[in-house]
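Could you put the whole structure together from the sequences, leaning on the hints where they help?
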Amino acid sequence: MFKRLRLAAAASLLVAIVTPAFSQGTLRIGMTAADIPQTTGQPDQGFEGYRFAGYTIYDALVNWDLSKADTLADIRPGLATEWAPVEGSDGKRWTFKLRQGVKFHDGTDFDADVVVWNLDKILNDKSPQFDPKQAAQSRQRVPTLVGWKVIDKYTVELTTRVANALFPYDMSYILYSSPAQWEKLGKDWVKVALQPSGTGPFKVDRVVPRERMELSRFDGYWDKARVAKLDRMLLFPMPEAATRTAALLAGQVDWIEVPAPDAIPRLKQGGMVIVTNKYPHNWAYQPSMVEGSPWTDIRVRKAANLAIDRAGLNKLLGGLMVESKGVVYPGHPWFGSPTFDIKYDPEAAKKLLAEAGYGPNKKPKIKIAISTSGSGQMLPLPMNEYVQENLNAVGFDTSFEVMEWNTLVTFSFQPVTGDASTKAGTNAINISRATVDPYSAFMRLYHSDFVPPKGANWGILKDPKLDELINKAHASFDRSAQTKALADVHAYIVDQAYWVYIAHDLNPRAMSPKVKGFVQAQSWFQDFTPITMQ
Amino acid sequence: MLLYALRRLIYLIPVAFGVSLLVFALVHLAPGDPISAIVPSDAPKELVDKLKEYYGFDKPLPVQYGRWLLVTLSGDFGTSIGTGRPVLQEVGSAFGNTIILAIGACLVAFSLAIVLGTAAAYAKSRIVDRLVTSIALVGVSVPHFWLAIVLVIVFSVELGWLPPMGLGPENATGWRLDWPHIKHMILPTIALSVIPLGVMTRTVRSTVKEILSMEFVTALHAKGMNDRQILLHVLKNAAPTCLAVMGLQAGNLIGGSILIETVFAWPGTGFLLNNAIFRRDLPILQGTTLVLAFFFMMLNLTVDVIQTFVDPRIKRG
Numbered sequence: 001m002f003k004r005l006r007l008a009a010a011a012s013l014l015v016a017i018v019t020p021a022f023s024q025g026t027l028r029i030g031m032t033a034a035d036i037p038q039t040t041g042q043p044d045q046g047f048e049g050y051r052f053a054g055y056t057i058y059d060a061l062v063n064w065d066l067s068k069a070d071t072l073a074d075i076r077p078g079l080a081t082e083w084a085p086v087e088g089s090d091g092k093r094w095t096f097k098l099r100q101g102v103k104f105h106d107g108t109d110f111d112a113d114v115v116v117w118n119l120d121k122i123l124n125d126k127s128p129q130f131d132p133k134q135a136a137q138s139r140q141r142v143p144t145l146v147g148w149k150v151i152d153k154y155t156v157e158l159t160t161r162v163a164n165a166l167f168p169y170d171m172s173y174i175l176y177s178s179p180a181q182w183e184k185l186g187k188d189w190v191k192v193a194l195q196p197s198g199t200g201p202f203k204v205d206r207v208v209p210r211e212r213m214e215l216s217r218f219d220g221y222w223d224k225a226r227v228a229k230l231d232r233m234l235l236f237p238m239p240e241a242a243t244r245t246a247a248l249l250a251g252q253v254d255w256i257e258v259p260a261p262d263a264i265p266r267l268k269q270g271g272m273v274i275v276t277n278k279y280p281h282n283w284a285y286q287p288s289m290v291e292g293s294p295w296t297d298i299r300v301r302k303a304a305n306l307a308i309d310r311a312g313l314n315k316l317l318g319g320l321m322v323e324s325k326g327v328v329y330p331g332h333p334w335f336g337s338p339t340f341d342i343k344y345d346p347e348a349a350k351k352l353l354a355e356a357g358y359g360p361n362k363k364p365k366i367k368i369a370i371s372t373s374g375s376g377q378m379l380p381l382p383m384n385e386y387v388q389e390n391l392n393a394v395g396f397d398t399s400f401e402v403m404e405w406n407t408l409v410t411f412s413f414q415p416v417t418g419d420a421s422t423k424a425g426t427n428a429i430n431i432s433r434a435t436v437d438p439y440s441a442f443m444r445l446y447h448s449d450f451v452p453p454k455g456a457n458w459g460i461l462k463d464p465k466l467d468e469l470i471n472k473a474h475a476s477f478d479r480s481a482q483t484k485a486l487a488d489v490h491a492y493i494v495d496q497a498y499w500v501y502i503a504h505d506l507n508p509r510a511m512s513p514k515v516k517g518f519v520q521a522q523s524w525f526q527d528f529t530p531i532t533m534q
Numbered sequence: 535m536l537l538y539a540l541r542r543l544i545y546l547i548p549v550a551f552g553v554s555l556l557v558f559a560l561v562h563l564a565p566g567d568p569i570s571a572i573v574p575s576d577a578p579k580e581l582v583d584k585l586k587e588y589y590g591f592d593k594p595l596p597v598q599y600g601r602w603l604l605v606t607l608s609g610d611f612g613t614s615i616g617t618g619r620p621v622l623q624e625v626g627s628a629f630g631n632t633i634i635l636a637i638g639a640c641l642v643a644f645s646l647a648i649v650l651g652t653a654a655a656y657a658k659s660r661i662v663d664r665l666v667t668s669i670a671l672v673g674v675s676v677p678h679f680w681l682a683i684v685l686v687i688v689f690s691v692e693l694g695w696l697p698p699m700g701l702g703p704e705n706a707t708g709w710r711l712d713w714p715h716i717k718h719m720i721l722p723t724i725a726l727s728v729i730p731l732g733v734m735t736r737t738v739r740s741t742v743k744e745i746l747s748m749e750f751v752t753a754l755h756a757k758g759m760n761d762r763q764i765l766l767h768v769l770k771n772a773a774p775t776c777l778a779v780m781g782l783q784a785g786n787l788i789g790g791s792i793l794i795e796t797v798f799a800w801p802g803t804g805f806l807l808n809n810a811i812f813r814r815d816l817p818i819l820q821g822t823t824l825v826l827a828f829f830f831m832m833l834n835l836t837v838d839v840i841q842t843f844v845d846p847r848i849k850r851g
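Chain order of the listed sequences is D and H.
Here the first sequence is numbered in our numbering, starting from 1 and rising by one per residue.
Here the second sequence is numbered in our numbering, starting from 535 and rising by one per residue.
Don't read these hints as lab results, they were simulated from the structure.
Be aware that a few hints might be false.
[To be verified] Mimicking EDC-like on lysine to aspartate or glutamate, the simulated pairs with C-alpha atoms at most 16 Å apart in a straight line are:
| no. | chain 1 | residue 1 | chain 2 | residue 2 |
| --- | --- | --- | --- | --- |
| 1 | D | Lys454 | H | Glu692 |
| 2 | D | Lys184 | D | Glu87 |
| 3 | H | Lys586 | D | Asp125 |
| 4 | D | Lys153 | D | Asp109 |
| 5 | D | Lys315 | D | Asp262 |
| 6 | D | Lys153 | D | Asp113 |
| 7 | D | Lys454 | H | Glu749 |
| 8 | D | Lys268 | H | Glu587 |
| 9 | D | Lys126 | H | Glu587 |
| 10 | D | Lys187 | D | Asp262 |
| 11 | H | Lys584 | D | Asp125 |
| 12 | D | Lys365 | D | Glu389 |
| 13 | D | Lys363 | D | Asp397 |
| 14 | H | Lys584 | H | Asp567 |
| 15 | D | Lys472 | D | Asp449 |
| 16 | D | Lys462 | D | Asp297 |
| 17 | D | Lys191 | D | Asp70 |
| 18 | D | Lys367 | D | Asp397 |
See below:
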C-alpha cells in the first residue's frame with residue numbers, strides 16, 4: 001500500500017518537475033491600441049504592434065536580445081545565423097547565412113526564397129504579393145536596402161545604396177511571413193490577417209477584430225531555449241487607461257500596458273506589481289535651426305536645457321521618467337563623454353540668455369508644436385505646461401501650437417520652412433522619438449541629408465562636422481569602433497545642445513502578482529516566452 | 535399609409551446624399567490625413583506620397599467623392615485603410631454590437647421613464663414629484679462617461695460583481711443571450727440609459743400632467759370610470775408626443791456612444807468611429823456615418839408611422 005503511494009508521489013513529483021515548461025497557463029494583456037495590430041507580418045500601431053503582433057508571431061533575420069534588464073537590448077542572430085559584408089563590395093553588399101530547419105506555423109520551410117519573397121512583398125510594387133499596408137510599416141526601416149537575391153537555399157545577398165555598417169539593425173524590423181499561407185488563403189492579405197503564419201514562438205489561434213487576439217505556444221519553435229512556457233496569451237485592445245486599470249484590478253486581465261501615473265498608488269494598493277525600466281525613448285523639443293530662429297544661438301539652446309526642473313517634472317509623473325541628459329540616457333553605450341552637463345540651473349540659464357542679448361524687454365520667442373496625446377508622448381499637456389513655466393521663469397516667451405496627434409504627425413512631414421509650420425509660426429516641435437538603433441537615434445534626426453521628406457530632421461539642422469561624425473559611425477564595421485563613433489556623435493550633439501532634452505519614459509506596465517518570470521528589457525519590445533502564470 | 539411610407543422612403547435618397555456630402559466635406563476639412571495615420575511618425579514623405587497615390591488620395595476631392603459614391607452605390611462601401619477589411623463587414627459587426635446595448639438601454643430607460651413620469655404626474659405628494667424630477671435632472675445632467683467610470687470602480691473593482699469591459703467572456707465570439715454575456719452588458723447599459731431616462735421621464739411627466747388637466751379627463755371621471763381606465767386613456771393620448779421623443783433618443787443610442795463604448799471597450803459603432811477618427815480612416819468614417827444616418831432616418835419614419843396608428847387624429851397628406 002505504502003509502496004504504491006510512494007510510487008504515486010514519485011510519479012507526481014516527476015510530472016511536476018518535467019512539466020513546468022508547459023501548461024503554464026494563460027496570460028491576458030490589455031494593450032493601449034484600439035484595435036488588434038496588423039498581423040500579416042509587418043505590424044502597424046508603432047512599436048506596440050511590433051511588441052504584440054510582431055516578435056511574438058514572427059522572427060527577423062536579426063532578432064533582439066530581450067533577456068536582460070540591466071543592459072541595453074542589442075541585436076542577435078535570428079533567422080540568420082551570421083552576416084557580414086561581402087569582401088570587395090565597399091560595404092554595400094551583405095551576405096546573410098540563414099538558419100536551417102526553421103518551420104513556419106503552417107509546417108512549411110523557411111529558406112532563401114522566402115526571404116526574397118518577403119522583401120518583394122514590401123519593396124517591389126510589381127510583385128503579386130506586394131502589400132501596401134505592410135510596405136507602409138516597413139519601407140522607412142530599410143532606407144538603404146536596394147537589392148536582394150538568393151545565393152543558395154540558405155544564403156541571401158542584400159545590397160545597400162551606400163556603405164552602411166549599421167544595416168543589420170535595419171534588418172531587425174523586417175519580419176517573415178509564410179508564402180504558402182498566403183497562397184492557401186487565395187493570395188488575400190485580409191484573410192491572412194485572420195490566419196497568419198510566422199516562425200515566431202507564438203502562433204495565432206484566433207483574431208477577433210477590435211476585441212482580442214488569441215495566441216498559443218508554438219511547440220516547434222526553432223530556438224528551444226525560447227519555447228514559450230505559457231499555454232496561451234490573449235491580447236485585448238483597451239485604448240482607455242481607466243478601462244485598463246479597472247480590468248486589471250477586477251481580474252479580467254493579468255497585465256496592462258501604460259497605466260496612468262495617478263492610478264499607480266491604487267494599483268499598488270490592489271496588490272499589483274508595477275514594472276518599469278529605462279528604454280530608448282526621448283521626449284524633447286526639436287528646434288528650428290533656420291536663419292532668424294532664436295535657437296540658432298547655442299547660448300539660447302543651452303539656456304533652455306538648463307532652465308528645466310526635470311526632478312519636479314518627474315514628481316509630476318509619479319517617478320515614471322528618467323531625467324534626460326541627451327539623446328540617450330547616462331549608462332547607454334552611446335552616451336559618451338559630453339562636456340555640457342544638462343541639469344537644472346536657472347541662474348546659469350538666465351546668464352546665458354543675457355549674454356545672448358536677451359532680457360526682460362527682449363525675450364526669445366519660442367512657439368512649440370505639441371500634441372494632446374499620442375504614441376510615446378507620455379502626458380503631453382501637463383508636461384509641456386510645466387516646462388513652459390520653467391522656460392518663462394528664466395526669460396523665455398513660450399507658447400504652444402496645440403494639435404491632435406495625427407495632425408502633429410502630418411505637420412512633421414514638412415520641415416520647419418514648410419507651409420504648415422510657417423502658417424502656425426512655430427520654431428520647435430515636440431514629438432517623442434524612439435532611439436532604438438543608430439539610424440533612428442541620430443541619422444534620420446540630425447543628419448543634413450535627412451530633412452523631410454527624406455527623414456525627420458524637421459528643424460533643418462546643418463552641421464558638416466556632425467554629418468561627418470554620423471557618416472563615420474555608419475562606416476565603422478568594427479563593433480567597438482562603431483560604438484565609440486556613436487558615443488562621439490552623441491557627445492558632440494549634447495555639447496552643441498542641438499535639442500532641448502527633457503525626459504525618457506520608463507515604460508511602465510502593471511501586472512498581477514500571478515505573472516512570474518518576466519524580465520523587462522531596456523527596449524520597446526519584450527520577450528513573453530519566459531513568463532509563467534502562478 | 536403605404537403611399538406615405540413610400541414617399542418618405544424616397545425622401546431618404548436626397549437626405550442620404552446630403553449626409554454623405556457633408557460627412558465627406560467635414561472629414562476632409564479636418565487637419566491630418568489618412569495615410570499619416572497608417573505609417574509610423576518618422577515615415578518619409580516620399581513613402582506617404584506613394585501610398586496616397588496607391589489609395590487614390592492624390593486625386594482632387596470631387597474625383598475622390600465621385601469614386602467613393604460610385605463604389606457605395608454598388609453596395610460595396612470600399613475597404614478600411616486601417617485594417618484592409620471591407621467597410622460593410624466592419625460596420626455590420628460593430629452595428630450589431632451597438633444595437634444590443636441600445637435595445638437594453640431603451641428597455642431600461644423607457645420603461646422606467648414611463649413609470650416614474652406617470653407617477654410624478656399623478657402624485658398628490660409634492661415629495662414624489664420632486665424626487666422624480668430630481669432623478670430626471672440628474673439623468674440629463676450627469677456626464678455618462680463619468681458615471682460609467684464610477685460604476686466600474688464600484689461594481690467591478692471594489693465589489694467584483696460585474697466585468698468592467700468587453701462584449702463577453704474571454705473565450706466567446708460574438709454576443710449570445712446567456713448570463714455570462716448579459717453580465718458584460720449590465721454596466722454599459724445602465725450608463726447608456728441615464729440620459730434617455732432623464733429626458734423621457736421629464737417628457738412623460740409633463741405630457742401626462744398636461745393631459746390630466748384636460749376637460750375630457752374630468753368627463754371620464756364624471757362618467758364614473760375608475761382610475762385604471764382613465765390612466766389608459768391618458769397614456770394613449772400622451773403616446774404620440776412620447777413616441778416622437780423616444781424615436782430621437784433611440785436614434786441617439788443606435789448611433790452608439792463613443793465615450794461609453796470606449797470606457798467599456800465595447801466593440802460597437804462608437805468604438806469603431808473613435809478609432810476611425812484618430813486614424814483618419816475615411817472609408818470607415820464615411821461608411822459608418824452613412825449607415826447610421828440611414829438607420830436614424832428609418833427609425834424616424836417608423837416612429838411617424840406608429841404615431842399615425844396610435845393617434846388617428848394625425849392626418850398625413
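To see whether the hints hold, each was checked on the structure:
For the suggested pair Lys454(D) and Glu692(H), the alpha carbons sit about 52 Å apart, so the restraint of at most 16 Å is broken. Annotation: proposed proximity of Lys184(D) to Glu87(D) is violated, straight-line Cα distance about 40 Å (limit 16 Å). Straight-line distance between C-alpha atoms of Lys586(H) and Asp125(D) comes to about 14 Å, which keeps the hinted pair within the 16 Å bound. Restraint check for Lys153(D) and Asp109(D): satisfied, since their Cα atoms lie roughly 11 Å apart, inside the 16 Å limit.
Taking the CA atoms of Lys315(D) and Asp262(D), the gap is about 11 Å. The hint holds against a cut of 16 Å. Between the alpha carbons of Lys153(D) and Asp113(D) the distance comes to roughly 7 Å, so the proposed pair stays at or under 16 Å and holds. Using a Cα cut-off of 16 Å, the hinted pair Lys454(D) and Glu749(H) is violated, with the two alpha carbons roughly 80 Å apart. Taking the CA atoms of Lys268(D) and Glu587(H), the gap is about 50 Å. The hint is violated against a cut of 16 Å.
Of the pairs offered as hints, the one joining Lys126(D) and Glu587(H) holds, with about 15 Å between alpha carbons and a cut-off of 16 Å not exceeded. For the given pair, Lys187(D) sits about 47 Å from Asp262(D) by alpha-carbon distance, which is inconsistent with the 16 Å threshold. At roughly 10 Å between alpha-carbon atoms, Lys584(H) and Asp125(D) fall within 16 Å of each other, so this suggested pair holds. Taking the CA atoms of Lys365(D) and Glu389(D), the gap is about 14 Å. The hint holds against a cut of 16 Å.
With a C-alpha separation of about 6 Å, the suggested pair Lys363(D) and Asp397(D) falls inside the 16 Å cut-off, and the hint holds. For a cut-off of 16 Å, the pair hint linking Lys584(H) to Asp567(H) stands: about 14 Å separates their Cα positions. Distance restraint check for Lys472(D) and Asp449(D): the Cα-Cα separation of roughly 15 Å lies within the 16 Å cut-off, and the hinted pair is therefore satisfied. Of the supplied pair hints, the one linking Lys462(D) and Asp297(D) holds, its CA atoms being roughly 14 Å apart against a limit of 16 Å.
Only pairs whose Cα atoms come within 16 Å are accepted, and Lys191(D) paired with Asp70(D) is rejected, the gap being roughly 41 Å. This hinted pair checks out: Lys367(D) and Asp397(D) have alpha carbons roughly 8 Å apart, not beyond 16 Å.
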